[in-house]
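Per numbering that gives the first Met the number 0, residue 0 is the first one in the sequence shown, and the count goes up by one each step.
Hints should not be assumed to be uniformly reliable.
To be verified - For each label pair, taking beta carbons as the anchor points, the in silico distance ranges come out as: (1) E202 x S129: 55 to 61 Å; (2) N4 x A83: 18 to 24 Å; (3) E157 x K46: 44 to 50 Å.
As the list claims (entries may be wrong) - Derived DSS-like pairs: lysine-lysine, alpha-carbon spacing no greater than 27 Å straight-line: (4) K282 x K106; (5) K213 x K177; (6) K46 x K213; (7) K213 x K175; (8) K213 x K106; (9) K106 x K277; (10) K282 x K177; (11) K282 x K272; (12) K150 x K46; (13) K106 x K150.
What the hints contain is simulated information worked out from the structure, not anything from laboratory work.
We put the beta carbon where it would ideally sit given N, CA and C, even for glycine.
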Amino acid sequence: MAMLNRVHLNGLRAVETVARLGSLAAAAGELNVSVSAVSQQISRTEKQLGQALFERTASGLVLTEFGAVFATRLGAGFRELAQAVALADEATQCTLVVSVAPAFASKWLLPRLSRHFDRHPNVLLRIDASVRLANLDYSDIDIAIRLGDGKWPGGRTELLLAQEVFPVCAPAIAQKLKSIEDLAQTCAITDERAMINWESWFETAGVPPVTFLKGARFTDPMLCLESAIAGHGVMLGWQLLAADALADGRLVAPFGIRAQSGLGYWLVTSSVKAESRKVRDFKLWIREEIEATMARFGSANPAPAGAIAVESTAPPLYGRSDIKLRQAGS
(Lines of atoms letter the chains of each structure in order from A and count residues from 1; the text may use other names and numbers.)
(Lines give C-alpha, C1' and ligand atoms only; values in the text may rest on other atoms or scores of the structure.)
Protein backbone atom coordinates (compact mmCIF):
# COMPACT_ATOMS: atom_id res chain seq x y z
CA MET A 1 0.00 0.00 0.00
CA ALA A 2 2.89 2.38 0.76
CA MET A 3 3.92 2.28 -2.92
CA LEU A 4 0.61 3.92 -3.85
CA ASN A 5 1.66 7.09 -2.06
CA ARG A 6 4.15 7.89 -4.81
CA VAL A 7 1.54 7.77 -7.62
CA HIS A 8 -1.24 10.31 -7.99
CA LEU A 9 -4.78 8.90 -8.30
CA ASN A 10 -5.70 11.36 -11.07
CA GLY A 11 -2.81 10.07 -13.14
CA LEU A 12 -3.94 6.48 -12.70
CA ARG A 13 -7.45 7.48 -13.75
CA ALA A 14 -6.06 9.10 -16.87
CA VAL A 15 -4.06 5.97 -17.76
CA GLU A 16 -7.05 3.66 -17.24
CA THR A 17 -9.40 5.89 -19.24
CA VAL A 18 -7.06 6.28 -22.23
CA ALA A 19 -6.35 2.54 -22.24
CA ARG A 20 -10.07 1.75 -22.17
CA LEU A 21 -11.26 4.35 -24.68
CA GLY A 22 -8.24 4.27 -26.99
CA SER A 23 -7.53 7.97 -27.39
CA LEU A 24 -6.58 11.11 -25.46
CA ALA A 25 -9.58 13.01 -26.85
CA ALA A 26 -12.10 10.39 -25.73
CA ALA A 27 -10.50 10.20 -22.29
CA ALA A 28 -10.52 13.99 -21.97
CA GLY A 29 -14.24 14.00 -22.76
CA GLU A 30 -15.05 11.39 -20.10
CA LEU A 31 -12.83 13.02 -17.46
CA ASN A 32 -14.06 16.51 -18.37
CA VAL A 33 -10.55 17.94 -18.73
CA SER A 34 -8.41 19.08 -21.66
CA VAL A 35 -6.44 16.73 -23.89
CA SER A 36 -3.20 18.34 -22.78
CA ALA A 37 -4.12 17.77 -19.11
CA VAL A 38 -4.63 14.04 -19.77
CA SER A 39 -1.32 13.86 -21.66
CA GLN A 40 0.52 15.57 -18.79
CA GLN A 41 -1.06 13.25 -16.20
CA ILE A 42 0.07 10.19 -18.16
CA SER A 43 3.63 11.51 -18.52
CA ARG A 44 3.75 12.31 -14.80
CA THR A 45 2.49 8.82 -13.92
CA GLU A 46 5.10 7.16 -16.16
CA LYS A 47 7.83 9.12 -14.36
CA GLN A 48 6.44 8.15 -10.96
CA LEU A 49 6.36 4.48 -11.97
CA GLY A 50 9.67 4.52 -13.80
CA GLN A 51 8.02 2.61 -16.68
CA ALA A 52 6.71 3.62 -20.09
CA LEU A 53 3.00 2.82 -20.36
CA PHE A 54 2.35 4.08 -23.89
CA GLU A 55 4.29 4.37 -27.11
CA ARG A 56 3.81 7.69 -28.89
CA THR A 57 3.03 6.97 -32.56
CA ALA A 58 1.81 9.05 -35.47
CA SER A 59 -1.69 7.54 -35.04
CA GLY A 60 -1.81 8.11 -31.27
CA LEU A 61 -0.91 6.35 -28.04
CA VAL A 62 -0.33 2.59 -28.07
CA LEU A 63 0.05 0.56 -24.87
CA THR A 64 3.45 -0.98 -24.24
CA GLU A 65 3.65 -4.61 -23.16
CA PHE A 66 3.97 -3.50 -19.54
CA GLY A 67 1.26 -0.88 -20.07
CA ALA A 68 -1.25 -3.47 -21.28
CA VAL A 69 -0.79 -5.61 -18.16
CA PHE A 70 -0.82 -2.53 -15.93
CA ALA A 71 -4.00 -1.14 -17.55
CA THR A 72 -5.83 -4.45 -17.15
CA ARG A 73 -5.09 -4.54 -13.42
CA LEU A 74 -5.91 -0.85 -13.16
CA GLY A 75 -9.29 -1.31 -14.85
CA ALA A 76 -10.24 -4.08 -12.45
CA GLY A 77 -9.18 -1.91 -9.53
CA PHE A 78 -11.26 1.08 -10.62
CA ARG A 79 -14.32 -1.14 -11.12
CA GLU A 80 -13.91 -2.36 -7.55
CA LEU A 81 -13.57 1.24 -6.35
CA ALA A 82 -16.74 2.22 -8.24
CA GLN A 83 -18.68 -0.64 -6.67
CA ALA A 84 -17.37 0.29 -3.22
CA VAL A 85 -18.54 3.88 -3.66
CA ALA A 86 -21.89 2.62 -4.98
CA LEU A 87 -22.46 0.78 -1.70
CA ALA A 88 -22.79 4.11 0.07
CA ASP A 89 -25.40 5.30 -2.41
CA GLU A 90 -27.29 2.01 -2.25
CA ALA A 91 -27.40 2.19 1.53
CA THR A 92 -29.07 5.60 1.51
CA GLN A 93 -31.10 5.43 -1.70
CA CYS A 94 -31.80 2.05 -3.28
CA THR A 95 -32.43 3.02 -6.89
CA LEU A 96 -32.84 0.45 -9.66
CA VAL A 97 -32.13 1.81 -13.13
CA VAL A 98 -33.82 -0.20 -15.88
CA SER A 99 -33.14 0.52 -19.55
CA VAL A 100 -35.99 -0.47 -21.88
CA ALA A 101 -37.25 0.45 -25.34
CA PRO A 102 -40.07 3.04 -25.24
CA ALA A 103 -42.63 0.65 -26.81
CA PHE A 104 -41.92 -2.06 -24.24
CA ALA A 105 -42.08 0.46 -21.40
CA SER A 106 -45.32 2.08 -22.55
CA LYS A 107 -47.33 -0.93 -23.72
CA TRP A 108 -46.30 -3.57 -21.21
CA LEU A 109 -44.01 -2.54 -18.35
CA LEU A 110 -45.65 0.63 -17.01
CA PRO A 111 -49.13 -0.84 -16.39
CA ARG A 112 -47.50 -3.50 -14.17
CA LEU A 113 -45.00 -1.42 -12.19
CA SER A 114 -47.35 -0.83 -9.26
CA ARG A 115 -46.96 -4.51 -8.34
CA HIS A 116 -43.18 -4.05 -8.16
CA PHE A 117 -43.68 -0.97 -5.96
CA ASP A 118 -45.93 -2.97 -3.65
CA ARG A 119 -43.50 -5.88 -3.39
CA HIS A 120 -40.34 -3.77 -3.00
CA PRO A 121 -41.40 -0.44 -1.46
CA ASN A 122 -37.82 0.53 -0.58
CA VAL A 123 -36.60 0.28 -4.18
CA LEU A 124 -36.87 3.41 -6.30
CA LEU A 125 -37.25 2.56 -9.99
CA ARG A 126 -35.82 4.80 -12.68
CA ILE A 127 -36.79 3.85 -16.23
CA ASP A 128 -34.31 4.81 -18.94
CA ALA A 129 -36.46 4.67 -22.11
CA SER A 130 -33.98 4.15 -24.92
CA VAL A 131 -33.29 1.67 -27.71
CA ARG A 132 -29.53 2.16 -27.28
CA LEU A 133 -27.72 -0.43 -25.18
CA ALA A 134 -25.24 1.53 -23.08
CA ASN A 135 -22.00 0.05 -21.76
CA LEU A 136 -23.40 -1.52 -18.60
CA ASP A 137 -19.92 -1.95 -17.10
CA TYR A 138 -19.44 1.82 -16.86
CA SER A 139 -22.95 3.29 -16.65
CA ASP A 140 -25.48 3.62 -13.84
CA ILE A 141 -27.88 1.24 -15.60
CA ASP A 142 -28.43 -1.89 -13.51
CA ILE A 143 -30.32 -4.00 -16.06
CA ALA A 144 -31.55 -3.64 -19.63
CA ILE A 145 -34.40 -5.36 -21.45
CA ARG A 146 -33.72 -5.68 -25.14
CA LEU A 147 -35.35 -7.27 -28.17
CA GLY A 148 -32.91 -9.09 -30.42
CA ASP A 149 -30.91 -12.27 -30.86
CA GLY A 150 -29.19 -12.06 -27.46
CA LYS A 151 -25.77 -11.31 -28.93
CA TRP A 152 -24.59 -8.15 -27.22
CA PRO A 153 -20.82 -8.04 -26.59
CA GLY A 154 -19.69 -7.42 -23.05
CA GLY A 155 -22.97 -8.24 -21.30
CA ARG A 156 -24.59 -11.20 -19.57
CA THR A 157 -27.84 -12.17 -21.28
CA GLU A 158 -30.79 -14.26 -20.15
CA LEU A 159 -33.72 -15.06 -22.42
CA LEU A 160 -36.95 -13.61 -21.03
CA LEU A 161 -39.40 -14.52 -23.81
CA ALA A 162 -39.03 -15.75 -27.39
CA GLN A 163 -40.86 -13.43 -29.75
CA GLU A 164 -43.72 -14.87 -31.77
CA VAL A 165 -45.34 -12.81 -34.53
CA PHE A 166 -48.94 -12.88 -35.78
CA PRO A 167 -51.48 -10.59 -37.47
CA VAL A 168 -53.67 -8.41 -35.27
CA CYS A 169 -56.50 -6.06 -36.17
CA ALA A 170 -59.64 -4.44 -34.81
CA PRO A 171 -62.65 -6.77 -34.34
CA ALA A 172 -64.58 -5.10 -37.19
CA ILE A 173 -61.81 -5.97 -39.64
CA ALA A 174 -61.39 -9.48 -38.24
CA GLN A 175 -65.03 -10.24 -39.07
CA LYS A 176 -64.23 -9.77 -42.78
CA LEU A 177 -61.25 -12.14 -42.73
CA LYS A 178 -62.67 -15.57 -43.46
CA SER A 179 -59.37 -16.87 -44.84
CA ILE A 180 -55.75 -15.79 -45.06
CA GLU A 181 -56.30 -14.85 -48.72
CA ASP A 182 -58.73 -12.17 -47.53
CA LEU A 183 -55.73 -10.22 -46.21
CA ALA A 184 -55.27 -9.05 -49.79
CA GLN A 185 -58.38 -6.90 -49.30
CA THR A 186 -56.96 -5.15 -46.21
CA CYS A 187 -54.34 -2.49 -45.60
CA ALA A 188 -51.04 -3.43 -44.00
CA ILE A 189 -49.87 -1.20 -41.15
CA THR A 190 -46.08 -1.12 -41.38
CA ASP A 191 -43.32 -0.35 -38.89
CA GLU A 192 -40.47 0.81 -41.12
CA ARG A 193 -37.87 0.04 -38.45
CA ALA A 194 -39.13 -3.41 -37.51
CA MET A 195 -36.80 -6.42 -37.39
CA ILE A 196 -39.66 -8.75 -38.33
CA ASN A 197 -41.43 -9.39 -41.64
CA TRP A 198 -44.60 -10.97 -43.00
CA GLU A 199 -42.74 -13.60 -45.03
CA SER A 200 -41.88 -15.67 -41.94
CA TRP A 201 -45.52 -15.67 -40.85
CA PHE A 202 -46.83 -16.74 -44.26
CA GLU A 203 -44.17 -19.48 -44.34
CA THR A 204 -45.36 -20.82 -40.99
CA ALA A 205 -48.98 -20.60 -42.14
CA GLY A 206 -48.03 -22.65 -45.18
CA VAL A 207 -49.56 -20.27 -47.73
CA PRO A 208 -48.06 -17.94 -50.36
CA PRO A 209 -47.64 -14.31 -49.26
CA VAL A 210 -50.47 -11.98 -50.28
CA THR A 211 -50.14 -8.44 -51.55
CA PHE A 212 -51.77 -6.04 -49.10
CA LEU A 213 -53.46 -2.79 -49.96
CA LYS A 214 -51.28 0.18 -49.16
CA GLY A 215 -51.69 1.27 -45.57
CA ALA A 216 -50.19 3.60 -42.99
CA ARG A 217 -46.45 3.47 -42.35
CA PHE A 218 -44.79 4.48 -39.11
CA THR A 219 -41.34 4.49 -37.54
CA ASP A 220 -42.63 3.46 -34.11
CA PRO A 221 -44.39 0.22 -33.10
CA MET A 222 -46.59 2.06 -30.59
CA LEU A 223 -48.10 4.13 -33.39
CA CYS A 224 -48.62 0.97 -35.45
CA LEU A 225 -50.51 -0.59 -32.56
CA GLU A 226 -52.73 2.44 -32.05
CA SER A 227 -53.41 2.53 -35.79
CA ALA A 228 -54.49 -1.13 -35.70
CA ILE A 229 -56.74 -0.50 -32.70
CA ALA A 230 -58.30 2.44 -34.60
CA GLY A 231 -59.24 0.05 -37.41
CA HIS A 232 -56.83 1.27 -40.09
CA GLY A 233 -55.73 -2.21 -41.13
CA VAL A 234 -53.73 -5.28 -40.06
CA MET A 235 -50.33 -5.22 -38.41
CA LEU A 236 -47.82 -7.93 -37.59
CA GLY A 237 -47.75 -7.88 -33.81
CA TRP A 238 -46.15 -9.91 -31.03
CA GLN A 239 -47.05 -11.07 -27.54
CA LEU A 240 -45.95 -8.27 -25.22
CA LEU A 241 -46.88 -5.45 -27.59
CA ALA A 242 -50.41 -6.71 -28.24
CA ALA A 243 -51.24 -8.82 -25.16
CA ASP A 244 -53.27 -6.23 -23.24
CA ALA A 245 -55.20 -5.05 -26.31
CA LEU A 246 -56.00 -8.68 -27.17
CA ALA A 247 -57.08 -9.45 -23.60
CA ASP A 248 -59.53 -6.53 -23.41
CA GLY A 249 -60.89 -7.03 -26.92
CA ARG A 250 -59.53 -3.93 -28.62
CA LEU A 251 -57.59 -6.24 -30.96
CA VAL A 252 -58.16 -9.70 -32.37
CA ALA A 253 -55.62 -12.25 -33.69
CA PRO A 254 -57.88 -13.59 -36.46
CA PHE A 255 -56.03 -16.69 -37.64
CA GLY A 256 -54.63 -18.27 -34.48
CA ILE A 257 -51.25 -18.74 -36.17
CA ARG A 258 -48.06 -17.62 -34.45
CA ALA A 259 -44.59 -17.85 -35.97
CA GLN A 260 -41.20 -17.79 -34.29
CA SER A 261 -39.36 -14.62 -35.32
CA GLY A 262 -35.84 -15.75 -34.35
CA LEU A 263 -35.76 -12.86 -31.86
CA GLY A 264 -36.58 -12.59 -28.19
CA TYR A 265 -36.74 -10.31 -25.18
CA TRP A 266 -33.54 -10.59 -23.16
CA LEU A 267 -32.40 -9.42 -19.75
CA VAL A 268 -28.94 -7.86 -20.09
CA THR A 269 -26.63 -7.10 -17.17
CA SER A 270 -22.98 -6.17 -16.76
CA SER A 271 -20.48 -8.98 -17.25
CA VAL A 272 -18.13 -7.60 -14.59
CA LYS A 273 -20.35 -6.08 -11.90
CA ALA A 274 -21.60 -8.28 -9.08
CA GLU A 275 -25.35 -8.76 -9.35
CA SER A 276 -27.15 -6.88 -6.57
CA ARG A 277 -30.16 -8.03 -4.60
CA LYS A 278 -32.40 -5.43 -6.27
CA VAL A 279 -31.47 -6.81 -9.71
CA ARG A 280 -32.16 -10.39 -8.65
CA ASP A 281 -35.51 -9.34 -7.20
CA PHE A 282 -36.42 -7.47 -10.38
CA LYS A 283 -35.57 -10.51 -12.52
CA LEU A 284 -37.79 -12.73 -10.39
CA TRP A 285 -40.64 -10.21 -10.49
CA ILE A 286 -40.55 -9.64 -14.24
CA ARG A 287 -40.44 -13.36 -15.00
CA GLU A 288 -43.58 -13.80 -12.88
CA GLU A 289 -45.26 -10.95 -14.75
CA ILE A 290 -44.29 -12.45 -18.11
CA GLU A 291 -45.72 -15.81 -17.04
CA ALA A 292 -48.98 -14.17 -15.96
CA THR A 293 -49.19 -12.20 -19.21
CA MET A 294 -48.63 -15.28 -21.33
CA ALA A 295 -51.26 -17.24 -19.40
CA ARG A 296 -53.74 -14.41 -20.05
CA PHE A 297 -52.56 -14.10 -23.64
CA GLY A 298 -53.10 -17.80 -24.24
CA SER A 299 -56.72 -17.60 -23.12
CA ALA A 300 -57.53 -14.39 -24.98
CA ASN A 301 -59.17 -14.45 -28.43
CA PRO A 302 -59.08 -18.21 -28.96
CA ALA A 303 -58.80 -19.28 -32.59
CA PRO A 304 -62.11 -19.89 -34.38
CA ALA A 305 -63.21 -23.51 -34.81
CA GLY A 306 -61.24 -25.12 -37.61
CA ALA A 307 -58.55 -22.45 -37.65
CA ILE A 308 -54.93 -23.52 -37.80
CA ALA A 309 -52.85 -22.94 -34.69
CA VAL A 310 -49.12 -23.35 -34.26
CA GLU A 311 -47.46 -25.68 -31.82
CA SER A 312 -43.71 -25.22 -31.70
CA THR A 313 -41.42 -27.93 -30.41
CA ALA A 314 -38.33 -25.91 -31.25
CA PRO A 315 -36.03 -24.21 -28.74
CA PRO A 316 -37.40 -20.73 -28.09
CA LEU A 317 -35.38 -18.83 -30.69
CA TYR A 318 -33.98 -21.06 -33.36
CA GLY A 319 -35.32 -22.68 -36.48
CA ARG A 320 -38.77 -23.30 -37.90
CA SER A 321 -38.06 -26.74 -39.38
CA ASP A 322 -39.70 -28.53 -36.46
CA ILE A 323 -42.80 -26.36 -36.12
CA LYS A 324 -45.87 -28.57 -36.42
CA LEU A 325 -49.35 -27.48 -37.56
CA ARG A 326 -52.38 -28.83 -35.75
CA GLN A 327 -56.09 -28.12 -35.86
CA ALA A 328 -57.19 -25.78 -33.09
CA GLY A 329 -58.82 -27.68 -30.26
CA SER A 330 -57.05 -30.96 -31.02
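Results for each hint:
no. : hint                    : verdict
1   : E202 x S129: 55 to 61 Å : violated, 33 Å
2   : N4 x A83: 18 to 24 Å    : holds, 20 Å
3   : E157 x K46: 44 to 50 Å  : holds, 47 Å
4   : K282 x K106             : holds, 19 Å
5   : K213 x K177             : holds, 20 Å
6   : K46 x K213              : violated, 69 Å
7   : K213 x K175             : holds, 18 Å
8   : K213 x K106             : holds, 26 Å
9   : K106 x K277             : holds, 23 Å
10  : K282 x K177             : violated, 41 Å
11  : K282 x K272             : holds, 16 Å
12  : K150 x K46              : violated, 42 Å
13  : K106 x K150             : holds, 24 Å
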